[in-house]
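Enquirer: Chain by chain, the residues run as shown.
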Amino acid sequence: MSGPELLAIGDRALSRLERGEAEVMIIDDHSELTRFAGNEIHQSVAERSRFVRVRLVHDGRCGVGEVRGHGEHAVEQALAAAEQSRRVTSVAEVSPLPQPDGGADGTVAYAKATAAATPQERADRVSIVTSAAARRNLDAYGALSTTTTTTAIVSSAGVRRAATTTQASLVTVVRGSEGGGYASRHSSDINALEVGDLAAEVVDTCERNQHATAIDPGDYEVVLSPYAVTDMLEHLAWVGFSALATQEHRSFMKMGERLMNERVTIRDDATAREVFPFPFDDEGVSARPVTLIDHGVCAGVVYDTPTALRDGVASTGHSLPQPNTWGPLARHMTMDGGDIPWRDLVASVSRGLYVTRFWYVRDVHPLRTVITGMTREGTFMIENGTITRPVKDLRFTQSIVGALDAVSGVSRERRLELGEGASGVLSPWLQIGRFTFTS
Amino acid sequence: MPGLYSAVVREVSERALDAASAAGASYADCRVVNRTVQKLTVKNGVVASVELLEDEGVGIRVIADGAWGFAAVDVLDAAAVEDAARHAVRIARASSRVNRVAVRLAPAPALTGEYRTPVVRDPFTVSLDDKVDLLMRTDAAMALLPQVRIRECSLEFVREQRHFASSEGAVLDQTIVESGGGLDATATSDDEVQTRSFPNSFGRHQICAGWEAIEDFDLPGNAGRIAEEAVALLTADPCPAGTMTVILDATQAAMQVHESCGHPTELDRVLGHEAAYAGTSFLTPDLLGTFRYGSEQVTLTADSTRAPGLGTFGWDDEGVAAQRSVLVDQGVFSGYLSSRETAAAIGQLSNGTMRADGWSRLPIIRMTNINLEPGTSSLEEMIATTEHGVFLETNRSWSIDDRRLNFQFGTQNGWEIVDGKRTRLVRNPIYSGQTPEFWRSCDAVAGPAEWRMWGVVNCGKGQPSQLMHVGHGAAPCRFRNVRVEPAR
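Chains as they are written, first to last, in numbering that gives the first Met the number 0: chain P, 0 to 438; chain E, 0 to 487.
A hint or two may mislead.
Said to hold, decoys possible - Here are the computed distance ranges between Cβ atoms for each label pair:
no., chain 1, residue 1, chain 2, residue 2, range
1, P, T212, E, G112, 20 to 30 Å
2, E, A142, P, T212, 28 to 38 Å
3, P, A156, E, E113, 43 to 53 Å
4, P, G255, E, R96, 57 to 67 Å
5, P, A115, E, T124, 44 to 54 Å
6, E, D129, P, L16, 21 to 31 Å
7, P, A421, E, G168, 34 to 44 Å
8, P, G59, E, G168, 51 to 61 Å
Note that these hints are calculated values from the structure, not bench results. The structure displayed is predicted, hence computed values, not measured ones. Just so you know, even glycine gets a beta-carbon here, dropped at the ideal spot from N, CA and C.
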């Protein structure tokens with residue numbers, strides 16, 4: 000269904016409200032995904048669903064009902080569940096439903112070609128990758144997904160927002176007998192995925208990453224590709240860029256203090272065309288750009304309505320569905336690029352490592368932003384400014400803030416990558432003076 | 000909502016199978032799933048949320064022209080389901096044009112029957128008021144310590160009704176009930192944040208059982224002790240560094256089993272089906288039956304018949320009966336978790352581990368209840384016979400490479416052991432190692448009295464992403480010569 004059609008369903012739900020205030024969120028999702036392994040398509044799936052969420056506020060109590068499925072009855076059921084939930088919650092300081100802020104539902108990531116993509120069109124693109132791998136006696140693995148999502152939010156306070164987005168993602172690993180490579184591309188438009196370029200990149204990385212040799216763990220200068228940088232930035236969003244984390248004294252952020260190198264500027268910008276722009280958050284509040292780190296200095300955090308009220312500021316439009324205990328989240332991060340090509344970063348390293356991607360990154364000490372994880376599918380030695388040979392994957396245990404404080408170069412080029420939490424992050428290549436590998 | 004075993008559900012699944020067959024499918028199965036979830040959270044003395052979720056839909060899986068197709072739709076409407084079945088066949092045909100090898104399934108009997116999780120008291124018959132009251136009492140017990148700045152406790156109840164029918168004649172109906180609950184006490188100071196959880200981390204412990212499980216957890220009775228431990232950690236000494244003996248509590252042993260035994264024995268990983276995402280495995284088929292995975296103390300099983308684990312059911316999501324399989328037999332690698340397709344690839348029969356996250360996801364190989372079988376020791380004996388080491392409790396961080404060899408775990412707290420005695424509390428411990436070397440260094444596992452079934456509710460795998468609830472029976476166990484250090 001279209002945005003206006005979902006808004007009409009939401010309006011009808013509000014008209015049934017007997018007392019109190021309500022917020023109705025309706026999400027229509029059509030997702031298809033083709034997965035391949037060993038140059039064969041082994042899983043290919045399609046899913047259509049509607050999710051209805053009702054937040055009901057009355058007499059100082061708030062209840063939530065959620066329904067997926069149940070067709071025409073979904074809204075009624077969600078309303079009834081929300082009322083059942085509301086009755087048992089304690090009377091407390093309930094976060095008010097936001098007022099309309101006049102924001103336009105304009106810039107969204109949408110492409111007709113993605114919305115209309117067929118299983119055959121996905122298979123055709125997959126075969127570009129599998130054929131490229133097969134020509135080199137290699138095996139390709141990965142997934143090509145296409146998603147169309149329409150989100151509508153209406154509320155008794157007058158919020159009426161709707162937007163339709165599309166997303167196409169192609170993630171690939173190509174493996175040879177003694178190593179593999181990785182590459183991915185993401186866009187709202189399936190026709191903009193540059194499948195041929197991706198195939199060339201992943202095959203090239205795989206061929207260079209054969210017969211890796213072990214090196215000793217320890218501190219190395221590194222050049223991290225955007226795939227790896229994205230993981231670090233996403234973890235910062237989880238552990239520190241939220242107003243709730245600062246209010247609960249569990250964030251590394253110290254406003255006005257310089258914690259990172261001056262080359263580092265990190266923003267959240269849901270209006271940026273490069274990062275799957277989306278006009279509003281899960282309360283229907285317009286998403287505003289926020290500078291999080293400004294030339295190394297802690298500059299801002301993202302807010303939802305409850306945390307904004309607590310600090311006496313306006314929400315920045317970064318709410319997850321309310322009420323929740325997680326707080327707001329930066330989901331459209333960008334890191335400013337530098338002024339030199341990424342290959343020049345490599346050229347300036349006398350002895351270090353080039354890391355294609357990280358894997359299984361987890362928080363070890365959130366307050367200190369210490370994470371651990373492995374390198375994967377493309378870790379190379381850099382010697383005298385040249386990538387010389389593959390090395391076996393290494394485990395790192397490293398403070399993200401410490402790494403970003405040791406940044407000595409930022410590339411001009413940037414890439415959109417999805418983190419493990421599916422946030423779109425626009426990241427450059429980073430040269431980092433010291434990065435700790437532990438095993 | 001029509002009842003799961005209603006004529007509506009049966010007609011929908013029959014229409015789906017007929018439509019798939021008419022469109023050219025050589026095999027089809029249909030799953031109708033209805034999931035009801037209650038989530039209640041109290042944070043800092045306030046009912047932060049009470050969420051009631053209903054989720055229902057149909058997933059149709061087919062083989063056509065030798066390839067798989069799958070389509071799911073969220074309405075129990077015959078016309079919509081028939082459309083989805085035909086779309087699944089179109090998807091399969093598109094895939095077949097790329098493929099060279101046709102899908103082959105290991106034979107499995109077409110079964111019929113019903114299964115229900117045994118419960119003493121259906122958690123959905125307990126009032127929401129009573130549930131809120133339990134959480135508020137839990138919160139109040141934590142609130143006695145002002146340094147505990149963040150108090151959070153929650154309950155979750157799941158009822159999932161599953162109907163499975165296949166073109167081979169299987170018709171299976173199951174009702175699975177889960178009950179879970181837990182608390183987190185987070186203490187903060189100017190330069191430190193420490194969280195202690197109970198009964199397990201990640202918000203809660205969950206099992207296939209009724210309200211009796213929640214009463215058994217006794218959240219209010221343990222809240223004060225856990226809050227005190229969180230505060231004590233703020234000023235505890237850092238964990239000592241070095242190569243030493245490590246004793247894991249049962250919850251961390253369960254996590255170690257999950258990451259370093261459960262995942263690497265998934266046969267789809269071994270065959271490369273997950274290579275681009277979850278990864279592969281070091282446990283290749285040439286090692287089956289001969290590879291020394293661990294010491295003789297280490298026997299690991301997959302057992303979907305063993306209550307009350309989250310992997311306990313009547314049949315898996317391709318209709319294979321629940322069963323017990325040995326994965327590691329007294330230290331020797333002995334078996335995989337398999338499906339009909341992957342078992343056929345190595346000349347075996349499926350051992351019933353295909354599970355889907357609801358109706359909208361394709362069944363893939365998942366852990367059921369992956370258990371470290373009890374040994375003959377005890378925690379007390381292990382500590383008493385340890386010269387120097389640490390006793391580590393409750394997972395805090397976990398990471399392992401894509402072949403499941405190189406791991407690093409952190410726990411919420413540790414106790415230094417000196418000359419057979421538990422001495423001082425230590426903070427921020429992490430330990431690391433290589434999977435076979437680590438399990439070969441296991442020299443003691445506690446016996447049945449300390450063995451308990453634990454639940455993991457956040458196991459991610461697959462594309463699109465699927466979260467699975469899995470069980471792990473485990474007891475405290477001891478490992479020698481492990482690298483230990485504090486997180487810096």
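Enquirer: Checked against the structure, which of the hints given earlier come out wrong?
Expert: Result: hints 1 and 2 break, sorted rising.
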